[in-house]
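**Student:** Single-letter residue listing:
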Amino acid sequence: MKKILVSSLIIFTGLFHISFSQINLKLLVESTSESFANPQISKSGNILAYTTVNYTGIYLYNLTTGEKKELTNETAAGFGMIWSNNDSKIIARPAVFENKRRFNGIVSYDINNLNREVLSEFSTSLSHLPSITENALIIPEKHGIKTSNLNGDNSILSGGKSVFLYNDKIAVYDIQSQNLSFLTPVANERYLNVKSNPAGDLVSFEVIGGNLYLVNISGNNLIDLGKGYRATWSPDGKYIVFMVTEDDGHYILSSKLVVADRQGNIVKTVFDNSSFLPSDPIFLGNNYTVAFADMISGNIYSFDIEGGLE
Amino acid sequence: MILKTSILVVIFYIVNFAQVTGLSGWNVILDPGHSVKENMGIYNYSEAEKVLEVGLFLRSYLLNETDIDTVYMTRTNGTQVVSLTQRTDYANSIGAAWYHSIHSDAGGPTANSTLLLWGQFRDGTEKIPNGGKKMSGIMVDLLTRGYRISTRGSIGDCTFYGCTTNGPYLHVNRATNMPSELSEAGFHTNPRQNQLNMNHDWKQVEARTFYWTFLKNFDIQRPYTGITHGIVTDIESAVPVNGATITLNNKSYTTDTYASLFHLYTNDSDLLHNGFYYFDSVPPGTHNISVSAPGYLTVNSTVTISDTFFTFKDFQIVSTVPPKVASISPVQGDSLYPGTDNIVITFSRPMDKQSVNQNIAFNPTAAVTQVTWSNSDRTAAINTSNLQFATDYTLIINAGALDNYGNPIDGDGNGVGGDPYMMNFRTKVPDNIAPAVIYTSPVAGSVTSTQPVVVFNFDELLKTGSISGKAKVVQMPGESPINVTLKYYTFGKKAAINVFVRQELASGIQYMAILEPGIEDLFGNPTTTRTEIPFTVASNMTLAGNIDNFESGIGGWWQPQQSGSTVGIISELTAMTENPTVVNLITNSIKSMKLTYGWDIGASSHLLREYFASASGPSFTNANVIQAYVYGDGQGNKFRFAVRDAGPGGVEVSNWFTVDWLGWKTVQWDLSLGETGTWIGNGILENPLRFDSFQLSYTPGSGNTGEHYFDDLRYFNKTGTGVESADNNIPATFSLKQNYPNPFSAGANTVSTQTVIQFSVAEASQIKLKVYNTLGELVATVFEGELTPGNYSSVFDGRNLPSGVYIYRLEYGKGSLTGKMTLMK
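Same order as they appear, the protein sequences are chains A and B.
Taking the working numbering, the leading residue of the first sequence gets 1, the next gets one more, and so forth.
Taking the working numbering, the leading residue of the second sequence gets 1, the next gets one more, and so forth.
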């Protein structure tokens, strides 16, 4: 249990703006008795979904009206949650524990009427996260891929290719042809945090125990970005923002946020301050505002990238 | 006979192929902590290497012996570098049912225990989903019994570490959406433990207890275990035996050797031992078991296998190697003082005292009057009172000297016993030189705290009966005695007297620490000169509070090895402990903190960080003074303070203090001066401040082992600056008093080259205090600056000036005053 010094500057979280080294930091969600994490912005950029630090529950914050509400308090619902394309639903994989066994289910939450619809029954074998295309929900199940219409109508499933993790591999599922293929850009490795860009032509992913990469959806043009975690794409698909952390095996000691472009060039470090441990960075509906959760305070902040990215 | 064979066949079938049911529908993710060779333990075997093997064993048991759905692992080999976020992201991504993180602990070389840490919110409740607390309770019991060491228990991580966030504290507990816990199985900084950790099968011990924990958590009956293991040690030295072969039911297990294992971690073929053996799949019942090893008597025994847990079977085996002299002082050809220095012999084995005593002789003949034994009858100290001065002697230990098992001494060390041991030495001429004072504190003329501790160090040991009343503190003029307590300490062949001032001294008054003549060394040679140290007391420092007085123990402090900043130490020689004997008498302390260190002189850098982790430590500012009583060992290594601050890097350090004193001394860092050393901070003390650590470093050429004690770590408020204000009275006129002492001198045994000049300021003025020689040449400016009305004192040091008469002159706005003083060298 090796321990290394951790130092931190506690800031007053009651302030709504904190100027720090040229960055005007905006407090979006303030920690209560819960610390918050994993902000996810809706497709329109109007509503921020977030969860607690161990992914219990889903909460909503309307960036326009300031309204906040709880969507669910279910265990594990906040990990891997995804917005539907029309901002009306969040698809998540909550869990229930019975007799120490874990049952995962795929659930759709209507953010307007708070209705909850189970899309895939709770099971001990549901070990993959869902993904969506335009109107299609893709659920990787133990013995195959299950698809359904997110809108609940009989319209034809659309949206091209979906990229997701399946048995530690990068799976590419063509919603039209129903063809499942796998990318193995780094041989004999396990993958994590797979995200395709909005255009669907590039994929960011991590190798467990390795680096952050970009690769073409066809599996070509692998780009090694070095150490980096939890990358997410900008709305225009030109950039990814990700976190670079250091830890001592027990506690995260430092974290900074870095932006790279789709060619794999590190554009800049956009946030690096020892008073914060930024995590889960996302572009907040545009290409210049980044939101993140602070692992020290449990708050969620946003800031505009100094000088932009162009 | 046929029936017996059939039973055995059935039993082996059960042992090897029993399938445990009841885990169907469950899965677990195993998380071997750290990566590659991170968290290096003692002797170059890391925590990361060990816990990976434990995890792989555990996965194997679960997959091969139970109906569990699956077992995930965060890392599966020794090359992956897996971050904390990847570990928890992976677990959350696959939606695992349980998370178990496998670690070992770090600390001082004597620390070794188990610990389970479950996820806990700041309010004390268990994390949700819960279950980790119950699992931890089961696991810590089984693990501790399996390891046969003590335990710190099963504890919520917020309670253990102290949470400043909502909790849980540990990332693996905090960021996982399933029940979780983290195990700490022993200390990889413990020499005995980490030598065991190196053994491949030792990891099965830990893995088995985790496996059985999972079963118990599901109320599944533990299957027949059939495992026996133990440690083979030398009965006398308790050192585990390498290369011992244990035979059980026609299976044999040979304990690790340098050739088989330890060469991976050291070039010293005799450094590492674990003596560990392990048999599994042993049928129930009682079995013959034997142990043989080169150079040892063979042991034949039996073992009855437990059907519920490990069956422990340790062996202590007896060496057949004859005893020899392992070390002796003085060494061959060296000399000693008769009656003062003993001849100290350490044997390789515990000896039969009577036979050794009867076989010791000197040539020329001298009676052996007293032999004192210690170290479990391995060490003999022979009194030399009957030896003559300035004489050549031979010490003889005849072949009749036996060890405890009747083996005769091997005098020439060739491995065959029965020959005498001989060593030539010479006795010295009588010592007729008086002890010399080699260090004093405070510095003459300096300003101390109101209850200082005075230090006198000597170049040899003293007769304690000659000390009483010789060291004192007096008020000047008149030498009125101050209430003090004397304490005498020895450091090898050097000595220290500490004078603890037991009453509050007043500012504005002159004091003198005095060492009177007549202090004798062990040969009765007395000192003949008087040592005088004039000093005054600070008026501008008031005690603001304790940081730690150690009266509640050392629970708030880490072991040096726990800090990732600590480098270049010899871990087994480095430890922080509580001490009840070497304490600061000024505060009537009953406990202090002892820091024992060993520096690896071959290391490229050296830093020992003794970290104060207490969350309740007080906050102070860069206007304060922090102070500690530090008991030095005179080795010449370095010491400094470190404080946590709000600036970049988060920690600032003081300049280094060279620990060249013996005994207690007050050491302080005046933060208000803004002076910092160089470490990870930016050199600026940015409030708020909290105490971070004591830090030590090695000075090349100094002793690489030693010990310090720390007591009464405090911080003070400071008011005013410049020359010392003597009191709060406002004088009616400007005045300049006669300096004291006068004459002031620098004789061979008088340490004061300084004198104190007192003056009064009647109204706020620009003040200059200067010293001139008799030719009217300026030789020193003692003070220059603005002063408010009051009485002041200042110190003038004449060490760089020749003997003679000097004029000191006080200049103020409306006039000047002069005085005359004499420096004698």
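Hints may contain errors.
In silico lysine to aspartate or glutamate, DMTMM-like type, Cα no more than 25 Å apart, as pairs [to be verified]:
id: 1; chain 1: A; residue 1: 169; chain 2: B; residue 2: 69
id: 2; chain 1: A; residue 1: 256; chain 2: B; residue 2: 69
id: 3; chain 1: A; residue 1: 227; chain 2: B; residue 2: 141
id: 4; chain 1: B; residue 1: 37; chain 2: A; residue 2: 74
id: 5; chain 1: A; residue 1: 100; chain 2: B; residue 2: 65
id: 6; chain 1: B; residue 1: 133; chain 2: A; residue 2: 74
id: 7; chain 1: B; residue 1: 134; chain 2: A; residue 2: 98
id: 8; chain 1: B; residue 1: 133; chain 2: A; residue 2: 189
id: 9; chain 1: B; residue 1: 718; chain 2: B; residue 2: 777
id: 10; chain 1: B; residue 1: 216; chain 2: A; residue 2: 98
id: 11; chain 1: B; residue 1: 133; chain 2: A; residue 2: 98
id: 12; chain 1: B; residue 1: 133; chain 2: A; residue 2: 34
id: 13; chain 1: B; residue 1: 37; chain 2: A; residue 2: 189
id: 14; chain 1: A; residue 1: 100; chain 2: B; residue 2: 38
id: 15; chain 1: A; residue 1: 146; chain 2: B; residue 2: 69
Counterexamples of contact, computed for chain B against chain A with all Cβ distances above 12 Å [to be verified]:
id: 16; residue: 70
id: 17; residue: 119
id: 18; residue: 121
id: 19; residue: 127
id: 20; residue: 128
id: 21; residue: 157
id: 22; residue: 278
id: 23; residue: 294
id: 24; residue: 439
id: 25; residue: 488
id: 26; residue: 582
id: 27; residue: 600
id: 28; residue: 673
id: 29; residue: 704
The hints are simulated quantities; they were obtained by calculation from the structure and are not laboratory data.
Source: prediction; values computed, not measured.
Backbone N, C-alpha and C define an ideal beta-carbon position, used for all residues, glycine too.
**Student:** Each hint needs a verdict: does it hold in this structure or not?
**Tutor:** Status of each hint after checking the structure:
no. : hint            : verdict
1   : A:169 <-> B:69  : holds (19 Å)
2   : A:256 <-> B:69  : violated (38 Å)
3   : A:227 <-> B:141 : violated (39 Å)
4   : B:37 <-> A:74   : violated (39 Å)
5   : A:100 <-> B:65  : holds (20 Å)
6   : B:133 <-> A:74  : holds (21 Å)
7   : B:134 <-> A:98  : holds (15 Å)
8   : B:133 <-> A:189 : violated (33 Å)
9   : B:718 <-> B:777 : violated (37 Å)
10  : B:216 <-> A:98  : holds (17 Å)
11  : B:133 <-> A:98  : holds (17 Å)
12  : B:133 <-> A:34  : holds (20 Å)
13  : B:37 <-> A:189  : holds (20 Å)
14  : A:100 <-> B:38  : violated (33 Å)
15  : A:146 <-> B:69  : holds (22 Å)
16  : 70              : violated (8 Å)
17  : 119             : violated (8 Å)
18  : 121             : violated (8 Å)
19  : 127             : violated (7 Å)
20  : 128             : violated (6 Å)
21  : 157             : violated (9 Å)
22  : 278             : holds (26 Å)
23  : 294             : holds (38 Å)
24  : 439             : holds (34 Å)
25  : 488             : holds (39 Å)
26  : 582             : holds (28 Å)
27  : 600             : holds (18 Å)
28  : 673             : holds (23 Å)
29  : 704             : holds (23 Å)
Hints 2, 3, 4, 8, 9, 14, 16, 17, 18, 19, 20 and 21, counting from the list given before, are not met by this structure.
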